[in-house]
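Undergrad: Given the structure of chain R, go ahead and fit chain X onto it with the hints provided.
Chains R and X, in that order, are what the protein sequence lines are.
Just so you know, we're using my numbering here: the first sequence kicks off at 111 and counts up by one.
Just so you know, we're using my numbering here: the second sequence kicks off at 111 and counts up by one.
Because the hints were derived from the structure by calculation, they are not lab data.
Heads up, some of the hints might be wrong.
Said to hold, decoys possible - Output of the computed footprint for chain X on chain R, the stretches with three or more beta carbons under 8 Å from beta carbons of chain X:
(1) 212-224
(2) 250-261
(3) 361-375
(4) 452-460
(5) 464-471
(6) 527-541
What the hints assert, rightly or not - Cut-off 35 Å, straight-line C-alpha distance, at most; resulting in silico cross-link-like pairs (DSBU-like, lysine-lysine):
(7) K452/R / K121/X
(8) K126/X / K312/X
(9) K524/X / K452/R
(10) K452/R / K312/X
(11) K232/R / K531/X
No residue lacks a Cβ here, since even glycine has one placed at the ideal position from N, Cα and C.
Protein chains: 2
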Amino acid sequence: MAKQKKAPRPKAVTPKGFRDYFGHEVTERAEMLRRIAGVYHAYGFDALESSAVETLDALGKYLPDVDRPHAGVFAWEEEDDGWVALRYDLTAPLARVYAQHRNDLPTPYRRYAMGPVWRNEKPGPGRYRQFYQCDADTVGAASVAADAEICAMLSDALETVGIPRGDYIVRVNNRKVLNGVLEVMGVTDEDQAADVMRTIDKFDKVGEEGVRELLGKGRLDASGAYIDGVGLAPEQADPVVAFLTSKGTDNEETLANLRGAVGESAIGAEGVDELAQIAALLEAQSYGPDRIVIDPSVVRGLGYYTGPVFEAELTFEILDEKGRTRQFGSVAGGGRYDDLVKRFTGQPVPATGVSIGVDRLLAALREKGRIEAREQGPVVVTVMDRDRMADYQAMVGELRRAGIRAEVYLGNPKNFGNQLKYADKRQSPVAVIEGAEEKANGVVQIKDLVLGAKIAENATLEEWKERPSQFEVPRDQLVAKVREILDGQGD
Amino acid sequence: MAKQKKAPRPKAVTPKGFRDYFGHEVTERAEMLRRIAGVYHAYGFDALESSAVETLDALGKYLPDVDRPHAGVFAWEEEDDGWVALRYDLTAPLARVYAQHRNDLPTPYRRYAMGPVWRNEKPGPGRYRQFYQCDADTVGAASVAADAEICAMLSDALETVGIPRGDYIVRVNNRKVLNGVLEVMGVTDEDQAADVMRTIDKFDKVGEEGVRELLGKGRLDASGAYIDGVGLAPEQADPVVAFLTSKGTDNEETLANLRGAVGESAIGAEGVDELAQIAALLEAQSYGPDRIVIDPSVVRGLGYYTGPVFEAELTFEILDEKGRTRQFGSVAGGGRYDDLVKRFTGQPVPATGVSIGVDRLLAALREKGRIEAREQGPVVVTVMDRDRMADYQAMVGELRRAGIRAEVYLGNPKNFGNQLKYADKRQSPVAVIEGAEEKANGVVQIKDLVLGAKIAENATLEEWKERPSQFEVPRDQLVAKVREILDGQGD
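In isolation and in its complexed conformation, chain R is listed as follows (with noise of 0.2 Å):
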């Protein structure tokens, strides 16, 4: 490193709305990618890591005509290369990619790719500027077989890292469906079908009631607030009523509701069909409304996508910051969107994916308890002799050898209570003492620390005092006794 002028010391802090992860946070993210990867390469995906820069044009943010560029991306202009920024997603990366080297790739090409993003957005609490995403994508495959693909392997990855069967369902809707919907309301100005979408995704909030007044002369929101509405007449509401009410008991009955809702439009018709489709295909293989249902009430991205649209959402309660139950919610999401390589070739390239938050999915499994909330340290091997180290270093490579994580203290060892303590805040399980009088008589002494801990805590429970805590055995004992000590904590 360069000599450093005398300045003002730095502050050891993040830039804000972004947190540094330790241990077990990380290792136990880098497991769930490691398995997820497992299920999308079992399905035939192939991975890929782009560049974590774009060029901003390609990203597919403008510059407005001032100085800074669209916010939500972290952006800037370089000599030789202009406006270049960090990726917000993987989906618009891989529209760049498949562009830059369709030639090359198969058609279709399934990929997968994890790693994180970044949005310069507002941070708040539990929300972070740099966030992980697991994504899988099909480009090039037109057929909705390619979309019950994507939903079964989602099913198959959540399964996979520890959600079992019965806390997530994945839900699919269809934009097709909507804008057949949209037709048979008579709205064709492009302005009032925005409106009327803006109110759909309101319904998680406003309900039936709520989006029918939206859609009307427009409501009085919970704050007192009067929110305009679309202005369309009472009878036009009808049929969004009826799309995002239209969840039967089965996918049948959702489907016959959806023929409904859609009435004589074409393009409402060839949505139902992809839905009936979907749910064809994933029933034939076993994956059936207990995982994955058609749920016309799911409207979150349907603004992006072209087609069919998935959620996961995990279904079992968890206690919010306020203590008061509530579901956890949305965990996935993706659906079908033919346009994204269309802006670089001119040609429409069909493309359907999912992208899984990670992030999310990791809290939802330490709130559930699926994962330890803290990780098990090394055995430490205390330094009673500075001069010994060779020793010491003898011992951690024996318990190593044996697949035991193990290490040397390797502070300043003159006080050994500071030993312990290390011990103690690096959750170890075991401490191994030998000082002049051991290594005389050839043996070490082996210090269970889990259950000195207990000890400590209940040290009125008689079973407790009567189990000894430490342990002195011969010195080619060692590994054998660590071992024991290690699997009986298991318990």
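TA: Chain X in isolation, oriented as in the chain R frame:
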């Protein structure tokens, strides 16, 4: 995505110096990182993933007086955060993290980190602006036992990823020895010391005689240009040359030579003692000079580090671009840097660590044929009848449940030749065919594509001609036959 205005089509390219990684390039790197992390973890190191974006201040690059920040980093200004930048290595962020969280972290803090770093430097062949590092560091341990541990761990890591003993060497040097050499030379002026350091850096290229010339009056370089010398007296160069050429036939001889080179210098003697301790600790653990050796000719990084310096080199020969043999060279480096955290806290904190250049190490393994250059693709189930998609999906389901990577062809199935071309492009080992006739007879056709390719290549070889590459088997033997073919292809 927001609706696109009519704009010229964006170019489908990465920014200059960036690239995409496909398929096995991604999975092989992930596997290498996983294995190295396993070694680091077994040594008691904890994972850390710091944010990719840091304040420029924390990274330790300072703004010049002009508009653009220091070259070398990708940096930009945020309204609410000032100048921020992409990390250029994993060490500067570690210093920030340790300074920020030191009250919560154990001391010593052993951590590993892996991920991309970004350099805003001129790209060249094989040199990209985004590349991976995989680091391990111990913060807060002043003992050279920490340095010895890093060297042993580096040796283990290299063997774990597939570099056999004898194909690599970890060389260890010490900045303090060089400081001792400067002392006995009588070089006390900081600028002059820096000049000597720069000269030493050229030892690899110019050799002993060149170093003598550059320390004295100067030297005519290969291009015919005259390079001014440092201007020292000829005898002043002696200790430097003694230092650089002190490597003996074993560590003992090297250490004796070094003691000669540093003469009466106290700091020099301390440096030699440290090297002696490192050698003794490592030899006691059987890390002899066939794996880790004291080698004062290692000068890379001596200017940056404050104590022991390590470098791992692959010693086998490869062919360069021009077909000449050369040694593969350095794949990892590190050392002790006791001043890094001090920037933030004002207190010196001892630290030592190593960084493995993962992309170079992967290149070395590929060069030696130790990892497959291409990944095997999935079994492809072709589509003879698009109405029986569910049947084909059932086949891939069965194959996947048996642990076999498999997929249904999802492109337009009309042209069967395209389906086989697709399987070829995917490097598929096997294609499965079930037309109406097969369906009626309860059989499937299974094509061995690897054997088929061999036959096509060597059509004259009788041994291939006699072996069938396509088999008709009962439908219920699909999985067993595919498994048999895949196992046979491994031969």
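Undergrad: Hint by hint, note whether the structure agrees.
TA: Against the structure, the hints:
For the region 212-224 of chain R, the stated coverage by chain X holds: 4 residues have a C-beta nearer than 8 Å to a C-beta of that chain, and at least 3 were required. Counting residues of the region 250-261 of chain R whose beta carbon lies closer than 8 Å to any beta carbon of chain X gives 8, which reaches the threshold of three, so the coverage claim holds. Check result for the region 361-375 of chain R against chain X: violated, 0 residues qualifying (beta carbon to beta carbon below 8 Å, three or more required). With a cut-off of 8 Å between beta carbons, the region 452-460 of chain R has 4 residues touching chain X; three or more are needed, and the interface restraint holds.
Counting residues of the region 464-471 of chain R whose beta carbon lies closer than 8 Å to any beta carbon of chain X gives 0, which falls short of the minimum of three for the stated coverage. For the region 527-541 of chain R, the assignment as covered by chain X holds, since 3 residues bring a beta-carbon within under 8 Å of that chain's beta-carbons and 3 suffice. Restraint check for K452/R and K121/X: satisfied, since their Cα atoms lie roughly 12 Å apart, inside the 35 Å limit. At roughly 30 Å between alpha-carbon atoms, K126/X and K312/X fall within 35 Å of each other, so this suggested pair holds.
Only pairs whose Cα atoms come within 35 Å are accepted, and K524/X paired with K452/R is accepted, the gap being roughly 24 Å. With a C-alpha separation of about 53 Å, the suggested pairing of K452/R with K312/X is violated against the 35 Å cut-off. The hinted pair formed by K232/R and K531/X fails the criterion: a straight-line CA distance of about 49 Å is larger than 35 Å.
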